[in-house]
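One letter stands for each residue in the lines below.
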Amino acid sequence: MSHSAWRRCFPGVKLLVTEREDAVPASVRSDLEHIFRAAYPRVVGVAARVLGSRDEAEDVAQETFLSFSRTDVPAGEAIGWLCVAAAHTALNHLRSGRRRASREEAARDPRVAVSPDVADAVVARDEHRRVRAALSRLPRKQAVALVLRHSGLSYAEVAAALDLSPGSVGTTVRRAESALREELNRHASSR
Amino acid sequence: MRHPGDGTLRRLLDEPDGVADVDRDHVDECPECRSRMSAAADDALLAGSALTFDVPDVDVDEGWRRLSGSLAGARKPAAGRKFGLRSPVVAVVGVVALLGGASAAAAGDWFPIFKTEKVAPITVPQADLVQLPELQEFGTMTRDARPNVRTVDDARDAREITGLASPRINNLPDGVAGQPRFLVGDKLTGTFAFDRARTEQALGQRIPQPPAGMETSRFRMTAGPGLAAVWPGSSGAPALVIGRVVAPKAFSTGVPFETARDYLLSLPGLPASVAGQLKAFTKDGGTLPLIVKEDSETSFTTKVDGKPATVLTTEGGAISAVVWVDGGFINGVGGSLSAAEVLRVAAETQWTQ
Chain V
1 MSHSAWRRCF
11 PGVKLLVTER
21 EDAVPASVRS
31 DLEHIFRAAY
41 PRVVGVAARV
51 LGSRDEAEDV
61 AQETFLSFSR
71 TDVPAGEAIG
81 WLCVAAAHTA
91 LNHLRSGRRR
101 ASREEAARDP
111 RVAVSPDVAD
121 AVVARDEHRR
131 VRAALSRLPR
141 KQAVALVLRH
151 SGLSYAEVAA
161 ALDLSPGSVG
171 TTVRRAESAL
181 REELNRHASS
191 R
Chain S
1 MRHPGDGTLR
11 RLLDEPDGVA
21 DVDRDHVDEC
31 PECRSRMSAA
41 ADDALLAGSA
51 LTFDVPDVDV
61 DEGWRRLSGS
71 LAGARKPAAG
81 RKFGLRSPVV
91 AVVGVVALLG
101 GASAAAAGDW
111 FPIFKTEKVA
121 PITVPQADLV
131 QLPELQEFGT
141 MTRDARPNVR
151 TVDDARDARE
161 ITGLASPRIN
171 NLPDGVAGQP
181 RFLVGDKLTG
191 TFAFDRARTE
201 QALGQRIPQP
211 PAGMETSRFR
221 MTAGPGLAAV
231 WPGSSGAPAL
241 VIGRVVAPKA
251 FSTGVPFETA
261 RDYLLSLPGL
271 PASVAGQLKA
281 FTKDGGTLPL
291 IVKEDSETSF
301 TTKVDGKPAT
311 VLTTEGGAIS
321 AVVWVDGGFI
331 NGVGGSLSAA
341 EVLRVAAETQ
351 WTQ
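Respectively, the protein sequence lines represent chains V and S. When we follow my numbering, the leftmost residue of the first sequence carries the number 1, and every step to the right adds one. When we follow my numbering, the leftmost residue of the second sequence carries the number 1, and every step to the right adds one.
Keep in mind the hints are simulated off the structure, nothing from the lab. Check the hints yourself; a few may be wrong.
Part of the chain S face toward chain V, derived, beta carbon under 10 angstroms [stated by the list, open to error]:
#, residue
1, L13
2, D14
3, A50
4, F53
5, S70
If you want the footprint, here are the derived chain V segments under chain S, 3+ residues with CB under 8 angstroms [as the list claims (entries may be wrong)]:
#, segment
6, 32-45
7, 145-153
8, 158-172
For clarity, every value in this text was computed on a predicted model and none was experimentally measured. Where a beta carbon is used, it is the ideal one built from N, C-alpha and C, also for glycine.
Whole structure, please, built from the sequences with the hints as guidance.
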């Protein structure tokens with residue numbers, strides 16, 4: 001069983017060993033903290049666009065940096081690598097389960113009236129869920145390109161990160177946006 | 001002239017300088033391309049709107065602390081992988097260990113509001129477990145002091161730093177030998193403040209009126225200090241861990257714990273089965289629930305030194321641990337041992353002041 005599985009099994013039980021702080025192993029790349037501090041908000045932002053959840057996005061960002069810490073990706077390519085990894089990891093989370101959706105459903109108690117303010121929040125949340133569902137159905141490369149582009153990466157950065165030509169970034173993003181619209185419309189018309 | 005491709009039109013929206021002059025000029029003159037570009041702009045706007053999710057004020061310092069902790073925790077000898085099930089032995093230390101904290105997942109955050117005097121298991125299906133709300137969605141949770149777990153020279157140092165008795169066992173289980181190393185951790189404290197608006201936002205619905213004073217109360221939670229003796233196994237991962245930590249306690253600036261607990265448990269989102277089990281606990285507190293996932297571990301209750309204890313065993317019985325609460329301390333024994341072995345060690349351990 002994995003370490004994280006144990007943590008899930010015993011939530012709230014903080015592992016003595018993992019609570020050791022100020023003890024980043026010497027084997028971890030020396031520029032990690034510098035890169036982390038520069039890129040963490042952006043990586044969280046990429047994951048948040050996919051997941052529509054700050055907490056989940058921070059989890060994904062942590063997972064991404066853990067993976068990054070074990071690589072020798074040049075510092076100059078770090079941001080692209082991290083953003084792509086965060087997008088993939090977040091999309092994996094989307095596809096691996098409907099946990100949040102089921103939690104949100106379960107959280108609704110029909111016996112309690114919904115106020116207008118809260119209703120707005122519910123609508124917003126439903127929108128996020130629809131978008132996430134649509135995103136998870138896009139071809140992976142399109143989805144990643146779309147998220148990266150809308151996270152502020154330039155065409156050149158998206159091209160480098162996804163090993164595409166800058167010209168084909170526009171094509172990929174365009175197809176992704178068109179597919180996203182179709183997915184959203186299809187979902188809306190089937191409701 | 002041929003019409004530019006969709007990709008070129010799309011880039012024209014974002015980075016016109018990246019598009020050749022000849023294509024830009026063509027689009028200016030071509031109604032068909034302008035129409036295509038308008039459709040692309042609409043789709044881009046829709047996608048941009050759909051993917052907007054602001055995350056203001058990302059706490060980089062907290063993120064770095066969390067990553068540092070994970071990196072330190074992930075530092076296991078390669079042999080740990082080789083031996084597969086050996087590495088969870090490290091995790092079994094957790095049974096000995098510290099409770100609470102703002103980032104603890106799901107239900108764990110709820111429980112430090114109980115004063116701990118005994119251990120009782122709660123078994124929930126995995127589906128319910130992930131359904132439990134996270135406390136930070138219901139207010140603010142701050143961690144005021146961290147445990148700073150570290151290795152010390154010997155048992156005497158561990159005792160002096162923590163003020164706790166250290167464990168001694170004369171008859172080690174087969175496969176466990178040598179002198180242990182000692183870990184200590186300082187007291188952990190955190191504070192929770194309930195926020196009704198945030199809770200309603202998280203749950204997406206109105207919630208019942210909180211008890212008077214609930215929203216102005218502060219719940220300070222403490223756990224620790226703690227210590228543990230760790231015997232290395234042949235793989236380098238711990239083969240046996242015996243430890244003790246001062247049990248979690250909670251202090252309220254207003255609403256009594258029991259009132260807060262009952263209210264929190266009544267909120268929609270907590271699985272009815274778990275809420276029911278929690279409500280069954282005595283109102284004067286005194287129970288530390290442990291959540292055990294049904295499908296990969298087994299647990300049973302027994303007694304250690306006459307105190308109620310919970311035994312946890314991984315599927316296949318490779319890893320076992322026993323936890324019991326006695327005199328305000330959570331005690332634990334764990335390792336790559338059978339349930340019978342950890343119970344024998346638990347019963348024979350002497351605690352030296």
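Hint by hint, here is what the structure shows:
no. : hint    : in the structure
1   : L13     : holds (9 angstroms)
2   : D14     : holds (7 angstroms)
3   : A50     : holds (4 angstroms)
4   : F53     : holds (5 angstroms)
5   : S70     : holds (6 angstroms)
6   : 32-45   : holds (count 7)
7   : 145-153 : holds (count 4)
8   : 158-172 : holds (count 7)
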